[in-house]
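Chains as they are written, first to last, in the working numbering: chain A, 1 to 379; chain B, 1 to 379.
Derived by calculation from the structure, the hints in this document are not laboratory data.
The beta-carbon is built from N, C-alpha and C at its ideal position, and this holds for glycine as well.
One should not assume that every hint holds.
What the hints assert, rightly or not - Chain B regions said to be covered by chain A (calculated; three or more residues, Cβ under 8 angstroms):
{"no.": "1", "stretch": "24-37"}
{"no.": "2", "stretch": "275-282"}
Unchecked claim - Result set (SDA-like, lysine to any residue): computed pairs, CA atoms no more than 20 angstroms apart in a straight line:
{"no.": "3", "chain 1": "B", "residue 1": "K123", "chain 2": "A", "residue 2": "G340"}
{"no.": "4", "chain 1": "A", "residue 1": "K123", "chain 2": "B", "residue 2": "K123"}
{"no.": "5", "chain 1": "A", "residue 1": "K121", "chain 2": "B", "residue 2": "P7"}
{"no.": "6", "chain 1": "A", "residue 1": "K121", "chain 2": "B", "residue 2": "V362"}
{"no.": "7", "chain 1": "A", "residue 1": "K121", "chain 2": "B", "residue 2": "L6"}
{"no.": "8", "chain 1": "B", "residue 1": "K121", "chain 2": "A", "residue 2": "K121"}
{"no.": "9", "chain 1": "B", "residue 1": "K121", "chain 2": "A", "residue 2": "T341"}
{"no.": "10", "chain 1": "B", "residue 1": "K121", "chain 2": "A", "residue 2": "R342"}
{"no.": "11", "chain 1": "B", "residue 1": "K121", "chain 2": "A", "residue 2": "P338"}
Protein chains: 2
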Amino acid sequence: MTLDDLPTPVLLLDRQRVMRNIARMRERAQLLKVILRPHLKTAKSVKVALLCHNGEAGPITVSTLAEAAYFAKAGFRDITYAVPVAPQKLQQVAEIMAMNGGTDLKIITDHVDVARAIATKGKALGVTFRTLIKIDCGLGRAGIAPNAPELLPLAEALNQPGAQLAGVLTHAGHSYGAKSIAEIERIAEEERMAAVLAASRLREAGQACEIVSVGATPTALFARHLDGITEMRPGNFVFFDLFQAGLGSCGMDDVAVSVLASVVSHHHARNHLLIDAGGLALSKDTGANLHAPGTGYGRVCRPADALPLPNMAIHDVHQEHGLVGGPHAPPVNFAAFPPGTRLRVLPNHVCMTGAMYDRYYVTDGGTEVVAEWDRVNGW
Amino acid sequence: MTLDDLPTPVLLLDRQRVMRNIARMRERAQLLKVILRPHLKTAKSVKVALLCHNGEAGPITVSTLAEAAYFAKAGFRDITYAVPVAPQKLQQVAEIMAMNGGTDLKIITDHVDVARAIATKGKALGVTFRTLIKIDCGLGRAGIAPNAPELLPLAEALNQPGAQLAGVLTHAGHSYGAKSIAEIERIAEEERMAAVLAASRLREAGQACEIVSVGATPTALFARHLDGITEMRPGNFVFFDLFQAGLGSCGMDDVAVSVLASVVSHHHARNHLLIDAGGLALSKDTGANLHAPGTGYGRVCRPADALPLPNMAIHDVHQEHGLVGGPHAPPVNFAAFPPGTRLRVLPNHVCMTGAMYDRYYVTDGGTEVVAEWDRVNGW
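So here's chain A without its partners, still in its complex pose (with noise of 0.2 angstroms):
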C-alpha cells in the first residue's frame, strides 16, 4: 500500500523522523543526567512511547485518564497523570492503579483541600495515592510559586494515610512564546530553579521529595544544564510541527507527522485551490503565526518529500475545507495541482491536529505504507 491508496484526510507519520526526534532527545537526557518521561498527550501511541524507551515500557506523562488506562493495559507501570486531578477522578484513578498487578500511577494537585480529598479518598479506597505538587514557574496556568506559603501545608496534607507526596513538577509552556534561543535557556533555568527551590524547601521541613520534575520541548532541548532535576517531560519532540520550527526547536525536515489530503478544485479569481482537509481535518490553531507570520493553518508539502512547498500556506479553513494560497499570495500554478493531486500537510500544532484521528499511517520516509498504529484519543 502506498499514500495513493489512502483515503484523504488521514494522519501520516514518518517513522524515520520520529526516531531521529527521540535520538535526539534521549541524548539530551543523558547528557543533562535526568529520566525521559516522554508526554505522551502529543504522540496518544503505544508504538511512539516505546520507540522513547528503545523498546521498554519505560517512565511516561499522561493528559488524560484514557490515556493512562491505555498505557497501563499495554504494560506501562510508571506513569505521571499531570493535569491536576479532579477529586471526582480518584476512584477511575485507583481503579488503574489495580490494572496490570500494580501501576504506578501518580496524580498531581496544587489546591490545599483537593490534596485532603486525595488522602480521605486514599484512604476509604485502601490505597496510597502518589502525589506531585504542582508548582509555576511563569507560565501562570496551573501551580503555586515554588516559595508560596502553601508549599508546607500542601505537602503535610499528603503524607497522611491515603496519600503520599512523590515530589514536584513544574512546566514552563510560555517557552514557546521566546523570542531566541537565548530566551529559552533562561526560561528553562527559571523552570529548573523553580522545581529546586521547592524540592529545598519541602527538605528542609523534613518532607521528602524524590521527583523533581521540568520539562517542556523548547526547554528540554536547551537548557544548558538541570542540576538538581530528577526527569524531563517532553512531549511535542517526538513529532514537531510549524510552531516548533518557528520557534527554532527543529527543522522543517524533522517535522514527522502531517495530514494527507487531495485537491478538490481550482479558483483561479480567488487564487486558491480547494482541498478537503479543513479545521476539523487541520485544526483551529494559529498559534505557528506568532514566530512565522503567513503559516496560517498549515503548510503544504507534496507526498514525497514532506518539505513545505514555497508560497503554499492554508490561509482559510471551513470545517471540511482548505484553502490555499489565497488573495495575498503570489499566483497559485493552478496546472501543477489539478483535481485528484494529493498533497501533505505539516500542521500547526500536532497535538490539536492529532487529536482528531484514531491512527497514524506510517511511512519509512518514502510513499510506501508500511503500517497503521492505533492513538487513543478523548478522556
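Once you have looked at the hints, place chain B on chain A.
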C-alpha cells in the same frame, strides 16, 4: 443517573432545547415553502436527524463520507454530500449508493475536470452519480459565480452516461459575519438570487435543474422569501452556540449542547479557576468573539440551568486546561466554586467542539441523564 455521576469532560445535549430549535426551523421551511434538508455536519447523530423530520428518515446533508455511510446504514435514503468531491472518493460514493437497497447519495463539484471524471467513473462502475453544481454567492470558498461561463460546460459534462445534473447548490457562510439582521436579510436574498440565476441559465439552455438548494442557519432564519428555491440546508440551528447567539440567531437559552467540566483548582493571584476542559474539550475556535468580545473560549454556567454566569468566560485554554476569569475579569468568587464543582460550558462553535466526542449525554433540561446518543466522527 444525573450530571453528578458523569465523568468530565463530556458533551451534554438538552433535548428540549433541540426540539424547540428544530420546531422553529421546520416552521421556517413551511413558511418559505421549501424542503428542509438539515446539514448533519453539526449533530452527526441519527437521533437528531430523526428529530429534524418528525421521526422519519427524511432528506439530509452531510459533510463527510463517514457521515454518509452512517446515515445510509440507519435508513436515510436521500443524502447530499455537500463538500466538493475528490475524484478518488467516487468508488466509496458508489458503495454507499448501493447500501440499504439503494441510497440516493448526491455529490457536488464546481470543476469541469472533476465533472468529466465523475461521468467516466460512473460509466465504468455502471452507476449514475447525481451531481449538483456548486455556486458561489459571495462566501468565496468554493463554487463558480452564478453568471460564470463554466456553468454550461459543467452541466454538459455531467449530463453524460455515468452522471446526471441534479441541480445547483450554494451556501452563504459569509452571513456569519453580518453586523445586523438587516445585513443577514440582504445576504439571504443574494444567496437566493445566486441559486435562482444559475438554475435559470441551466433551464434556458435546456438542462433540467431539479434541485435549487441554499442554506446557512442565519439566512434560513431571516430570509424574507425563497421564491425559486426547492430546499434549504441549515445545520448549526439544531444546537446553536455562542457565535449564533452573538449574531442574533438565537438566545442564550436556545444553546442546546454544552460541555460538562469540573473545577480542579483555584489561582487567586491570577484570578482564575482551573477546569478540566481545555483546547481539546472545547476547541480553539474563537470566532464568537467577533460578535461578543470577551467570550474567550466559551462561557460558564451552573449545570442545572445552563445559562451563562456573569463574568465567567474561559479566557485561555491549553490542551487539557481551561482558565475561567483571568487578569482582566472582575474578581472571581472562588468560595462559590470549590474544587470538584461541576460547571457547564457553552461552546463558541458547536460544530468544532462536538467533533471531539463520541456521544451525547442527553437531558430534558434538568440534571437527570435520560439517554446516550452516538455520533459519527472522522472521515
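Hints and how they fare:
Check result for the stretch 24-37 of chain B against chain A: violated, 0 residues qualifying (beta carbon to beta carbon below 8 angstroms, three or more required). Here's how the stretch 275-282 of chain B fares: 4 of its residues keep a CB closer than 8 angstroms to some CB of chain A, so the rule of at least three is met and the hint holds. Simply put, K123(B) and G340(A) have alpha-carbon atoms about 19 angstroms apart, close enough for the 20 angstroms limit, and the pair holds. A distance of roughly 71 angstroms separates the Cα atoms of K123(A) and K123(B); the hinted pair therefore is violated under the 20 angstroms criterion.
Under the criterion of a C-alpha separation no larger than 20 angstroms, the hint pairing K121(A) with P7(B) is consistent with the structure, at around 17 angstroms. Using a Cα cut-off of 20 angstroms, the hinted pair K121(A) and V362(B) is violated, with the two alpha carbons roughly 30 angstroms apart. About 18 angstroms separates the Cα atoms of K121(A) and L6(B), which keeps this hinted pair within 20 angstroms; it holds. With a C-alpha separation of about 63 angstroms, the suggested pairing of K121(B) with K121(A) is violated against the 20 angstroms cut-off.
Restraint check for K121(B) and T341(A): the C-alpha separation of about 17 angstroms stays at or below 20 angstroms, so the hint holds. Distance check on the hinted pair: K121(B) and R342(A) sit about 19 angstroms apart at the alpha-carbon level, within 20 angstroms; holds. This hinted pair checks out: K121(B) and P338(A) have alpha carbons roughly 17 angstroms apart, not beyond 20 angstroms.
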